[in-house]
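2 protein chains.
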Amino acid sequence: MPEGRPVSVVVDAVGGDHAPSEVLRGVSMALANDPALTVVLTGPADVVEPFTSGSSGRAQAVPTTQVIEMAEHPATAVRAKKDSSIVVGARLVKEGRADAFFSAGSTGASMAAATLVMGRIRGVQRPAIATVMPTAGPPCVLLDVGANADCRPEHLLQFAFMGAAYASVVLGVIGPRVALLNIGEEPTKGSVLAQESYALIAESVPNFIGNVEGKDVLSGCSDVIVTDGFTGNVALKLLEGSSRILLSQVRDSITSNPMNKAAAAVLRPALRRLRERLDPDTYGGAPLLGVNGVCIIGHGSSKARAVSNGIRVAAQAGRGALTEQIAAAIGDN
Amino acid sequence: MPEGRPVSVVVDAVGGDHAPSEVLRGVSMALANDPALTVVLTGPADVVEPFTSGSSGRAQAVPTTQVIEMAEHPATAVRAKKDSSIVVGARLVKEGRADAFFSAGSTGASMAAATLVMGRIRGVQRPAIATVMPTAGPPCVLLDVGANADCRPEHLLQFAFMGAAYASVVLGVIGPRVALLNIGEEPTKGSVLAQESYALIAESVPNFIGNVEGKDVLSGCSDVIVTDGFTGNVALKLLEGSSRILLSQVRDSITSNPMNKAAAAVLRPALRRLRERLDPDTYGGAPLLGVNGVCIIGHGSSKARAVSNGIRVAAQAGRGALTEQIAAAIGDN
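Chains as they are written, first to last, in my numbering: chain A, 1 to 333; chain B, 1 to 333.
Each hint should be verified, as a subset may be incorrect.
Since the list can't tell identical chains apart, any single copy or any two copies may satisfy a pair.
Straight-line Cα separation of at most 16 Å, EDC-like style, residue types lysine to aspartate or glutamate; simulated pairs [to be verified]:
#: 1; residue 1: K303; residue 2: E276
#: 2; residue 1: K189; residue 2: D150
#: 3; residue 1: K94; residue 2: D83
#: 4; residue 1: K82; residue 2: E95
#: 5; residue 1: K82; residue 2: E69
#: 6; residue 1: K237; residue 2: E185
#: 7; residue 1: K82; residue 2: E72
#: 8; residue 1: K94; residue 2: E324
#: 9; residue 1: K303; residue 2: D17
#: 10; residue 1: K303; residue 2: E22
#: 11; residue 1: K215; residue 2: E185
Keep in mind that the hints were calculated from the coordinates and are not lab data.
Produce the entire structure from the sequences given, and follow the hints as far as they go.
The following block contains the structure:
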């Protein structure tokens, strides 16, 4: 990856439960970590202007007058609030004034703004949300995790190309292995959607390793796992919920008496490191793939570290020309 | 539950990776735990007869001459091998000579035998496989976990009734709470299947608590969670895989240096108890619901404890008249 090339990322200063303070701290961290990064902040003038004045030119303010709240209907809000931090952010990328967009605000509004303002890449039928999961091996790109509850085989085929492009550009994987999430290993197993998708993907996706089952998702056997947005969303949220519950049960069971408590105290740093490794924040937000510009969506609960990682990922995607890579892969197939 | 009433369970003596030795050990454990239980063993004469001769009349042998191997095509094998331990087992229940059937052999063959030999309960469109999951609260019945990769809303409606009957009879839950697995909480969220199923279930299933998301599956917020067999199978296997990987990462991280190792040794019993609580074997196999007789399918890797728990569950389902309860619920709706 071309680390040192100048890149600019638009950041929605008022997106997320902990905005603007944690977002601004995250921006500072990202700027400190990457000397060739510049940030464009969208948001109310009284939030973005004081910050940029102290940034020695590497942060620029684009004041906006509207804010899209979490509870608003995404598409309606995006159409009505043309001067919101999210819509203006998407437009700056569309107009080539920035290389990528990051927001930890409403996922639906970011998706709607990216789709309506940036538009889809030529040939892409359905943009998809991807997520990068920690596994027992290298991290794995899972998509779609919720943009499309009902899918057709040709959508899953495009998800395969888009996920592979993301793994290559952002995770630096050469020739990413691509798998289809299914409920059996043989090509003839599973739903009609899975069987038809298998045939399509096997025909044209390089390094297709076939079906993987639920038990393989965290094994690290594949760099990209493709599924419909319903199954992918259930899987993602199940993993988030189950690792939280399992780690809390581990904590409860190892602190169940004074001697255990003492032993657990010794282990606290090791367990904290594990929790960090498993924390999705480490991987910095979910990309919306297939739109005509880089759009990275952070979790609403993002704190500074998650924001900083999201900006880093957005910068990597911008530097690596993710959008052009996806356009080329879709155009060729 | 009527604990003391006599009940008889047919056990496939040669089903599973560790058969017959672990199966027979499991039968002995089950007999020791439940004085009103009798077992009918199907399998080769040289396996089942020596065992039953030493069982003081509480185990009966029904020698069979054929064995269905794990790799055989289920329906074909069931049709061809009429004198196999699985087919004869299902027939004994069908003929009223036993109250329930348990096998840790080929899942597909047990399903095919139960469906073809016992038949479906009148009105049931699609039998479903359920599983009982440990959660942060009471255990939860998830179905379908793989019998039906493609479902229609009326199937999910029937799964709701069947799962509720199972929670009531086997887990002893009064008025089980039923939820639909979806990718959002509102009734209008999710796939077309989920939206249409929501409407149907809300109309006629008592104690329907609405949609739950992946993150809620292990929270214990519901006694029954309904989904299609594709999503359910992915979810089940994802949980199996992720808890194994997560616990092994906990083990690795807490034994990463000598001082941690000493602390970990103190915690070993607590972690072992946690692993047992999370072990699906504790909950004793997966019922095939909707067939005209009790059929409990054990994991192929079942050892004695899992077999014993599977037999216990089969006995409970037989005593609680699970089949009649499902027939009544389906007949009324």
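Checked hints:
no.: 1; hint: K303 / E276; result: within (13 Å within a copy, 36 Å between copies)
no.: 2; hint: K189 / D150; result: between (19 Å within a copy, 11 Å between copies)
no.: 3; hint: K94 / D83; result: within (15 Å within a copy, 70 Å between copies)
no.: 4; hint: K82 / E95; result: within (15 Å within a copy, 72 Å between copies)
no.: 5; hint: K82 / E69; result: within (14 Å within a copy, 65 Å between copies)
no.: 6; hint: K237 / E185; result: between (24 Å within a copy, 13 Å between copies)
no.: 7; hint: K82 / E72; result: within (14 Å within a copy, 62 Å between copies)
no.: 8; hint: K94 / E324; result: within (13 Å within a copy, 63 Å between copies)
no.: 9; hint: K303 / D17; result: within (9 Å within a copy, 49 Å between copies)
no.: 10; hint: K303 / E22; result: within (5 Å within a copy, 52 Å between copies)
no.: 11; hint: K215 / E185; result: within (12 Å within a copy, 26 Å between copies)
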